[in-house]
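These protein sequence lines map, in sequence, to chains P and G.
Under this note's numbering, the first residue of the first sequence is numbered 10, with each subsequent residue one higher.
Under this note's numbering, the first residue of the second sequence is numbered 42, with each subsequent residue one higher.
It should be emphasised that the hints constitute simulated quantities derived from the structure, not laboratory data.
Among the hints, a few may not be true.
Calculated pairs, DSBU-like style, for lysine-lysine (alpha carbon to alpha carbon, straight line, at most 30 Å) [stated by the list, open to error]:
| # | chain 1 | residue 1 | chain 2 | residue 2 |
| --- | --- | --- | --- | --- |
| 1 | P | K45 | G | K51 |
| 2 | G | K103 | P | K169 |
| 3 | P | K169 | P | K45 |
| 4 | P | K45 | P | K289 |
| 5 | G | K138 | G | K108 |
| 6 | G | K120 | P | K169 |
| 7 | P | K352 | P | K45 |
| 8 | G | K51 | G | K83 |
| 9 | P | K282 | G | K120 |
| 10 | P | K68 | G | K103 |
| 11 | P | K68 | G | K51 |
| 12 | P | K289 | G | K120 |
| 13 | P | K224 | P | K282 |
| 14 | P | K352 | P | K68 |
| 15 | G | K51 | P | K224 |
| 16 | P | K68 | P | K169 |
| 17 | G | K83 | G | K138 |
| 18 | P | K355 | P | K68 |
Here is what each chain is made of, one letter per residue.
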Amino acid sequence: MVSSDAVNLSDAIELMFETGWTDGLPVVPPTESRVKQFIDFTGRDGSELIAELPPLGGKATLERIAVNAVMAGCLPEYMPVIITAIQAMMDDSFNLRGVMCSTGIHTPLVIVSGPLAKELNINGGYNCFGAGWRANATIGRAVKLALVNLGGAIPGETNKATFGHPGAYTYCVAEDQDINPWEPLHTDVGLNATDSAVTVFPAEAPHNVMYHDNKPRNFLTILADTMCALGNVQMYVSGDTFVVIGPEHARFLNDGGWRKQDIRQFLFEHARKSVRELRKGGPPQGDADRGHFWPRFVDSDDEDQRVPVVRAADRIHIMVAGGRGGPHSVYLPGWGSRRVTRKIEKP
Amino acid sequence: MVSAQESDLKARMSEMGLLSPIDPEAYSRWSPAPRLDTIHGKVGGFLGNRKANASLLLQGVKELMYKDFELRDGFEVDKYVYSRPAADDIIDDLVAKCDFVVTCIAD
Numbered sequence: 010m011v012s013s014d015a016v017n018l019s020d021a022i023e024l025m026f027e028t029g030w031t032d033g034l035p036v037v038p039p040t041e042s043r044v045k046q047f048i049d050f051t052g053r054d055g056s057e058l059i060a061e062l063p064p065l066g067g068k069a070t071l072e073r074i075a076v077n078a079v080m081a082g083c084l085p086e087y088m089p090v091i092i093t094a095i096q097a098m099m100d101d102s103f104n105l106r107g108v109m110c111s112t113g114i115h116t117p118l119v120i121v122s123g124p125l126a127k128e129l130n131i132n133g134g135y136n137c138f139g140a141g142w143r144a145n146a147t148i149g150r151a152v153k154l155a156l157v158n159l160g161g162a163i164p165g166e167t168n169k170a171t172f173g174h175p176g177a178y179t180y181c182v183a184e185d186q187d188i189n190p191w192e193p194l195h196t197d198v199g200l201n202a203t204d205s206a207v208t209v210f211p212a213e214a215p216h217n218v219m220y221h222d223n224k225p226r227n228f229l230t231i232l233a234d235t236m237c238a239l240g241n242v243q244m245y246v247s248g249d250t251f252v253v254i255g256p257e258h259a260r261f262l263n264d265g266g267w268r269k270q271d272i273r274q275f276l277f278e279h280a281r282k283s284v285r286e287l288r289k290g291g292p293p294q295g296d297a298d299r300g301h302f303w304p305r306f307v308d309s310d311d312e313d314q315r316v317p318v319v320r321a322a323d324r325i326h327i328m329v330a331g332g333r334g335g336p337h338s339v340y341l342p343g344w345g346s347r348r349v350t351r352k353i354e355k356p
Numbered sequence: 042m043v044s045a046q047e048s049d050l051k052a053r054m055s056e057m058g059l060l061s062p063i064d065p066e067a068y069s070r071w072s073p074a075p076r077l078d079t080i081h082g083k084v085g086g087f088l089g090n091r092k093a094n095a096s097l098l099l100q101g102v103k104e105l106m107y108k109d110f111e112l113r114d115g116f117e118v119d120k121y122v123y124s125r126p127a128a129d130d131i132i133d134d135l136v137a138k139c140d141f142v143v144t145c146i147a148d
């Protein structure tokens with residue numbers, strides 16, 4: 010049995026590498042006793058089936074999810090977040106099979122909003138997409154390990170991401186309600202502000218949007234320009250997309266009377282490229298000719314018609330996070346499917 | 042069948058008291074479709090993924106197969122969208138009309 014003996018622990022870590030069930034980094038050996046702690050925390054039965062994860066259809070029981078969570082280095086109290094994230098990704102509108110097998114470079118992002126984010130010390134401030142917080146690092150990692158080990162989305166085999174990005178190791182962030190001048194992210198779907206929720210979204214790596222002044226329209230114009238780059242897959246597939254507004258930008262937007270709906274509408278109207286430009290650049294040019302995924306109001310025979318980055322304004326999702334004092338916000342291109350939000354039920 | 046290496050790993054994990062993060066039966070639930078003895082003179086289905094390059098590749102494959110195997114007939118169809126499985130009615134139609142199907146997932 011693995012004990013605190015250094016040799017045994019080392020042997021266990023090496024054995025887990027041999028199994029091929031790690032993400033390339035060492036994992037915490039999933040001992041029976043440690044896994045049981047995670048299951049016990051949920052108050053549920055380990056044999057409970059949470060999901061059959063695509064593409065392989067592996068049965069993700071509570072116990073197997075707990076094994077992946079232990080491997081990731083989680084604490085037992087992270088289990089409700091991990092389980093909710095997995096359940097959210099099984100929503101048909103998220104299209105988990107497509108997300109995990111595509112050649113695109115996106116990967117599922119887990120966003121936690123509401124009181125539980127602070128309770129579990131999930132970072133939504135400085136370096137929130139970077140390193141340093143156990144909750145961010147391990148919750149995201151547990152989800153990714155489960156998707157590979159149970160879902161069979163193996164990099165280079167079934168997961169054909171041309172490049173991938175570091176979020177494939179872990180991609181988890183909190184919305185920081187302390188700095189958010191607007192309503193929390195999860196209220197978009199009708200949850201109460203006092204609820205805690207997980208939102209999942211197939212996100213590319215964060216793209217910085219720097220703006221040093223304090224004029225809302227200028228900032229939003231720059232943000233819109235970033236969002237409608239010709240090489241952005243969003244311009245062709247019209248899926249959901251995310252904007253993470255930094256606290257400095259959020260402050261002057263709110264002070265200027267801008268609400269989330271105003272921001273969405275501005276971006277919807279300005280983050281656009283003409284049919285003429287879209288025919289020349291970017292990915293699936295064959296699909297660009299058909300205009301298959303564009304909103305129905307777009308006339309793909311009118312070369313001057315301006316195609317929006319999303320199908321409708323409410324497909325631009327806005328959250329607030331990041332460190333204070335920096336003139337930065339972030340654009341998160343998506344892949345083509347929808348954001349899904351689920352309430353977290355604590356044990 | 043479990044390989045000797047897999048058995049060894051399983052034994053060593055058990056010895057160390059470690060649990061597995063996978064569903065060991067997941068892979069065995071999948072198996073290739075039955076194969077025909079020959080496709081000569083048969084009816085082929087050509088299922089694209091709705092990407093332009095997939096259509097091109099399938100067209101080329103279809104022409105070669107007509108030439109090399111003297112296919113009796115062929116049907117081309119695209120899925121609605123590349124990122125999802127083909128709809129049941131498309132599959133049912135191919136099953137009803139074709140002896141074999143070639144798929145393509147070119148990007």
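Exercise. Against the earlier hints, flag every one the structure doesn't satisfy and list their numbers going up.
Key: 3, 4, 8, 10, 15
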